[in-house]
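Let the sequences and hints guide you as you build the complete structure.
Chains as they are written, first to last, in the numbering used here: chain A, 1 to 481; chain R, 1001 to 1257.
Any given hint could be a false lead.
Below, in silico cross-link-like pairs of lysine-lysine (BS3-like), each with a Cα-Cα straight-line distance of 25 Å or less [what the hints assert, rightly or not]:
1. K1173(R) with K60(A)
2. K1173(R) with K124(A)
3. K262(A) with K382(A)
4. K1054(R) with K1149(R)
5. K9(A) with K1233(R)
6. K1006(R) with K60(A)
7. K1006(R) with K9(A)
8. K1003(R) with K9(A)
9. K124(A) with K1033(R)
10. K363(A) with K382(A)
11. K1233(R) with K60(A)
12. K1008(R) with K9(A)
13. K1237(R) with K9(A)
14. K1217(R) with K1237(R)
15. K1173(R) with K1032(R)
16. K1032(R) with K124(A)
These are computed hints drawn from the structure, not numbers from a lab.
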Amino acid sequence: MIRTRVIIKYLGYILLFNALFLSISAMISFANDEDSVSALLFSALLTAALGVFPQIFVEKIEEISFHEGLAISVMGWIITCIVGMIPYYIWGGEFSLVNALFESVSGYTTTGASILSDVEALPKGLLFWRSSTTFIGGVGIILFVLLILPEKKGVQASFYRSEVSDLSKMNFRARSRYIIRMIATVYFTLIVVETILLKLLGMTFFDAICHSFSTVATAGFSTKNLSIAAYDNIWIELVVMFFMLISSMHFGLVYGTMTNQKTNIFTSRPARMYMVVTFIGIILITFQLAQEKVYGLGESLRYASFQVVSLVSTTGLATVDTAKWPLFSIILLLYYSIQCGMVGSTAGGIKFDRIYLFFASVKKQFKSIIHPEGMYVVKMDKKIIDHNLELQVMIFIVAYLITMMTTTLLLATMGIDGTTSLSASIATIGNVGPGFGDVSSLGNYGQLPNAAKYILSVNMLLGRLEIMNVFALFLLLCRKD
Amino acid sequence: MIKSLKIKIVLSLSLLILMLMAAGVISILDFKKIGNSVDTVLKNNYQSIESAKKMLDAVEREDSGILLWLIGNKDSGIETVLGSDSIIRKAIVDIEENITETNEAQYVGAIMDEYEQYYSSVMTILKGGYNTEESKQIYYSRTDSLFLKTKEAINRLMVLNQDQMYRQAGIVKEQSRRAMMPAIVSIAAAIIFALLLYFFIGTYFIRPVRQLINSIKEYYPEKGRLSTGIVSKDEFKELEEEINQLIYRLRRTKNSI
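Written as C-alpha cells, this is what we have:
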C-alpha cells in the first residue's frame, strides 16, 4: 500500500532542495543587479513554502516501501521539473509556458536541449539556475536528498532500489548508503577539478562552474550562444572532452580508479570496450571529414573527437555545427546518440553496457541454436548475468526503440522534416540534446511547434527515468487494491 | 517534530500568508519599476523628441523668413529668422541637457554644425549687401541644401529617440507581464496549498475523529484499553490517552464500590 502522506513528505524535501539552489541563483542575480531577482526570489520562497508545508503535518518516517520509493522517485522528477520552470516563466523573454517547461525538463534530465536562440541575453542568475538544474539532475535529485537527510537506512535502500538500475548496481560493491556517498564523492571531485582547470585556462569563474556542472552532469548547457566553440581554445576542448568521457563511465569504476582499486575503468571489460568503440568512431569520422576535405586532418581530428565524445557521453556541448557533416558521419553520430555512455554514470540513452549485454545474449542464442544440448550463460566482467536481468535489458531496449519511433512518427505528423523528427526524438529520449536538421548542435528547439515541445519534454523524462519505472508506477497506481 | 495541532494550523496558514505577501511585495516592486520606466521614457526620449519637433518647426519658419525677405518683406523676414533662431538655440540647449542615449551627443553635435552653416548662409544673404537676384542665387546654390541637411540631422536625432522609446515600451510591456506573474503563480500555488490542506485535514483531523468515534462505539469494558489506531502524537492521541485514563479511573471506582 502506498501512503500518500509519505510521498508528499519526501516531495517536500525535494522541493526544499530546489529552493536552496533557487536562493543561490537569486543571490547571484541580486549581486549583479539583474532584473531576474524577483522571479528567482519569488520562486525560491514559493518552492520553500510548498516544501515546508508537508513537514509541518507529516510525522517522521521510519521506513518506506519499494512502491513508495518508486512513486517518490518518479513524482519527484515531475514535481522538480514543474517547479524548475517557474523562474523562467515569471522572467519571460523567450520563455513562454511550454518553452519554460521544456528548458526545465531539459536541464533536470541533463538533456541540454534548449529553446533559447540567445543564451547570452539571459541574466547571470537565470544562467546559474539553468546550470543548477543540470547539476541537480546529474546524479538525480533523490540521491542528493538522501545524501542530506539523516534518515533510516531502510529509507535509503528503498530509494536506491528504485532510482539506480539493476545493471548499474553490478559495479557497486557496497551498501546503498556508502554507494550514495561514493557517487557524490566522484561527482563533486570531478566538478571541482574541472572548474579549477577551466578557470586556469582562461574562463571566468562563473563560466567555469557552469560548464563544469554541464559537463560532469553530461547535460550540455552552455553560457555562450556558440557553446564551447565560443572559446576557440583547444586546451579547454581537451579538458571538457576528458571530463565528458569520464562522466559517461560507471561512477563505481571511476571511484575505483581514483582510489586505486582492483575494479577500475582499465580492468573492466565493458569500460575498455566502450573506450575502444568511441575511439573507432573518432577515427572513422576524422577519416571521412579529412577525405571529403571538410577540414584539414588536424581540424578533422579535433572536431570529430569532441563531437563524438560529446554525443556518446550525452553531453551535447559543441565546437562545430555537425549538421553540415557528410551523411556517413551523421549516421555514426546518430548511432552514438542511441548507444550513449555507461550505466551508473550521469549519461542517458540505452547505455553501452546494455548494448554489450545485448550482443553477448545474441551470441549465447546462436550457440544454443548450434549446440541445443549446451548450457550457456552471459557474463560481464566475469560475473554471470541473471536471466531476469538479461530479459530486463532486452525489454528495455525494445521499449526504448518503440518510444523513440513513436515520438518520431508523432513529430512527423506535425509537418517536421524526417531528419529533425528522428534526430530530435533520439536526442531527447537519450538525453543527448542536439540532433540534426533544425535542431543541430548550434541550433535550438525554439522553432518547433508547441505540441512537439510537450512531446519531447515527456520523451526526456521517460529517457531519464529509463521508461520502465514510469510504466511500473502507472500500473501500480492503476491497481484496484 | 511539531505535536500541537494548533501550532500546525497556525504554521501552515502562516506559510500561505507569507507566500501571498511575497507575491504582493514583488508585484508592487515590479509595478514601481514600471512607473520608473515610464518616467524614464518620458524624460529621456519624449522630451528630446518634443525639442527636435520644435527645432524642425523653427528651421522651417526660418526658411520661410528668408523667402519672405527674398520676395521683399524684409522687416517681417528678418523678424521671423531671428525669432526662429532663438527658438532653435534654446531647443539645442534643452537637448544637450538631456543626452541619455548612446551616440546622442554626436547627433546633437551634427545638428549644431549643420545649423551653424545654414545660419551663416542665411546671414550672408541678409547682411551681405547683395541685390535680390544675387541673394536668390546664393539661396538656391547653398542655403537651400544646408536647410535640407539641417532638417535631416534633426530628423536623425528624432528617429534615435523614437526607436529608443519603442524599445523602452517593449521593456515596460515585459515588466508589466513580470509584475503580474507572481500573482498568477500565487493563485496556482494557493490552489495546491488548499488541496494539501484538505488532504492533511482529512488525514490528521477527520480520520482521528472517526477513529475515536468508531473505537468508542465498538468498545466494551472487557476489552481493557481503548485502542483507536491513531498514530500521530498530537491532541487526538492525548485525548485517546485521557479516555483510557478515564476508563481506568471509572473501573477502579466501580471495583471499590
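Cross-check of the supplied hints:
Distance check on the hinted pair: K1173(R) and K60(A) sit about 47 Å apart at the alpha-carbon level, beyond 25 Å; violated. Straight-line distance between C-alpha atoms of K1173(R) and K124(A) comes to about 22 Å, which keeps the hinted pair within the 25 Å bound. As the CA atoms of K262(A) and K382(A) are separated by approximately 14 Å, the hinted pair is consistent with the 25 Å bound. For the hint linking K1054(R) to K1149(R), the alpha-carbon distance of about 17 Å falls within 25 Å, and the restraint holds.
Simply put, K9(A) and K1233(R) have alpha-carbon atoms about 17 Å apart, close enough for the 25 Å limit, and the pair holds. Proximity of K1006(R) to K60(A) is assessed by CA-CA distance (about 19 Å); at most 25 Å being required, the pair is judged to hold. Annotation: proposed proximity of K1006(R) to K9(A) holds, straight-line Cα distance about 20 Å (limit 25 Å). Restraint check for K1003(R) and K9(A): the C-alpha separation of about 16 Å stays at or below 25 Å, so the hint holds.
Between K124(A) and K1033(R) the CA atoms are separated by roughly 20 Å; this keeps the pair inside 25 Å, and the hint holds. At most 25 Å may separate the alpha-carbon atoms for a hinted pair to count; K363(A) and K382(A) meet this at roughly 16 Å. With a C-alpha separation of about 11 Å, the suggested pairing of K1233(R) with K60(A) holds against the 25 Å cut-off. As the CA atoms of K1008(R) and K9(A) are separated by approximately 15 Å, the hinted pair is consistent with the 25 Å bound.
Between K1237(R) and K9(A), the direct Cα distance comes to roughly 21 Å. Compliance with the 25 Å bound is thereby established for this hinted pair. Straight-line distance between C-alpha atoms of K1217(R) and K1237(R) comes to about 17 Å, which keeps the hinted pair within the 25 Å bound. The suggested pairing of K1173(R) with K1032(R) holds, with an alpha-carbon distance near 13 Å, which does not exceed 25 Å. A threshold of 25 Å between alpha carbons decides the hint, and for K1032(R) with K124(A) the separation of about 23 Å falls inside it, so the pair holds.
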